[in-house]
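Engineer: In case you want the letters, here they are:
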Amino acid sequence: ETGVTQTPRHLVMGMTNKKSLKCEQHLGHNAMYWYKQSAKKPLELMFVYNFKEQTENNSVPSRFSPECPNSSHLFLHLHTLQPEDSALYLCASSLIWTSERDNEQFFGPGTRLTVL
Amino acid sequence: LAKTTQPISMDSYEGQEVNITCSHNNIATNDYITWYQQFPSQGPRFIIQGYKTKVTNEVASLFIPADRKSSTLSLPRVSLSDTAVYYCLVAPRGFQKLVFGTGTRLLVSP
Numbered sequence: 001e002t003g004v005t006q007t008p009r010h011l012v013m014g015m016t017n018k019k020s021l022k023c024e025q026h027l028g029h030n031a032m033y034w035y036k037q038s039a040k041k042p043l044e045l046m047f048v049y050n051f052k053e054q055t056e057n058n059s060v061p062s063r064f065s066p067e068c069p070n071s072s073h074l075f076l077h078l079h080t081l082q083p084e085d086s087a088l089y090l091c092a093s094s095l096i097w098t099s100e101r102d103n104e105q106f107f108g109p110g111t112r113l114t115v116l
Numbered sequence: 117l118a119k120t121t122q123p124i125s126m127d128s129y130e131g132q133e134v135n136i137t138c139s140h141n142n143i144a145t146n147d148y149i150t151w152y153q154q155f156p157s158q159g160p161r162f163i164i165q166g167y168k169t170k171v172t173n174e175v176a177s178l179f180i181p182a183d184r185k186s187s188t189l190s191l192p193r194v195s196l197s198d199t200a201v202y203y204c205l206v207a208p209r210g211f212q213k214l215v216f217g218t219g220t221r222l223l224v225s226p
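So the protein lines, in turn, are chains A and B. Under the working numbering, residues 1 to 116 are what the first sequence spells out, in order. Under the working numbering, residues 117 to 226 are what the second sequence spells out, in order.
Please keep in mind that the hints were generated in silico from the structure rather than gathered at the bench. None of these values were measured; they are calculated from a predicted model. Be a bit skeptical, because a hint or two may be false.
As the list claims (entries may be wrong) - Derived DSSO-like pairs (lysine-lysine); straight-line CA-CA distance at most 27 Å:
| hint | chain 1 | residue 1 | chain 2 | residue 2 |
| --- | --- | --- | --- | --- |
| 1 | A | Lys18 | A | Lys41 |
| 2 | B | Lys213 | A | Lys52 |
| 3 | A | Lys22 | B | Lys185 |
| 4 | B | Lys170 | A | Lys41 |
| 5 | B | Lys168 | A | Lys41 |
| 6 | A | Lys40 | B | Lys213 |
| 7 | B | Lys119 | A | Lys40 |
| 8 | A | Lys18 | B | Lys119 |
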C-alpha cells in the first residue's frame, strides 16, 4: 500500500468508448503524474501536474485528456483510443521542493487497459 | 540526463547476495542516483538513493565509487519475493521527468 490508489484496476473498452481513469493520493503530495507502460517497453512519462497545474505534456495524443481538480486527485479521460493504447497506466505522486528524497515518486497499482 | 546502462537480466538463488551494477559515464555534478523496484503489474517502488560513497537502508545498499561513473545496488540474502525489475535512474534532486530504462530483470530461484 503506497498511499496512491487507482480505479478501475482493469478496463476493457472499444475504440468508440469514452472512459476515465481515476487516481487519488493520500500522502499530502503536491505533484502528480501519469505514466504509460506498454508490454515489454519502459515506462513513459505522459503528464506532470504541480499544485494542480499541468507542467509537462510529453507529446501525448489528444485522445488522452488529463484533469487535476486538486492536489489529491488526478484523472485521465480516454476517448477514441486505438488498440496500441492498450497498456498499464500508472499514476504517481511526489512531494516537490523538499530537502530529502526529492526524486522519490510513489506509484499506484495501475490500471490495465485493453482497447478492442 | 545521463544515460544509464545496466544488465538486462540476472539470475540468483535464495539466500545469495545480488549486486546489480549501473553505468552512468556522463553523470553530472548535481545528479543523484536512484534505484526503483517493480513487480509485475505493479508500479515501481523507490528503494534507495545516493550521491557518493555508500548508502544503506533496511532493504539494500548502494555503493558509489569516487568518480561516480557507476553504482552498484546490493541486495543481501535475496528471497523469491525479490524477483522483480530493478531500475537505475540518474537525475538532479527534484527532477520530475524521471526516465526509466529497460531495467534489470532479477529472477530468484529456490
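Engineer: Now tell me if each hint is right for this structure.
Structural biologist: Results for each hint:
no., hint, verdict
1, Lys18(A) <-> Lys41(A), "holds, 25 Å"
2, Lys213(B) <-> Lys52(A), "holds, 17 Å"
3, Lys22(A) <-> Lys185(B), "violated, 40 Å"
4, Lys170(B) <-> Lys41(A), "violated, 31 Å"
5, Lys168(B) <-> Lys41(A), "violated, 30 Å"
6, Lys40(A) <-> Lys213(B), "holds, 20 Å"
7, Lys119(B) <-> Lys40(A), "holds, 19 Å"
8, Lys18(A) <-> Lys119(B), "violated, 38 Å"
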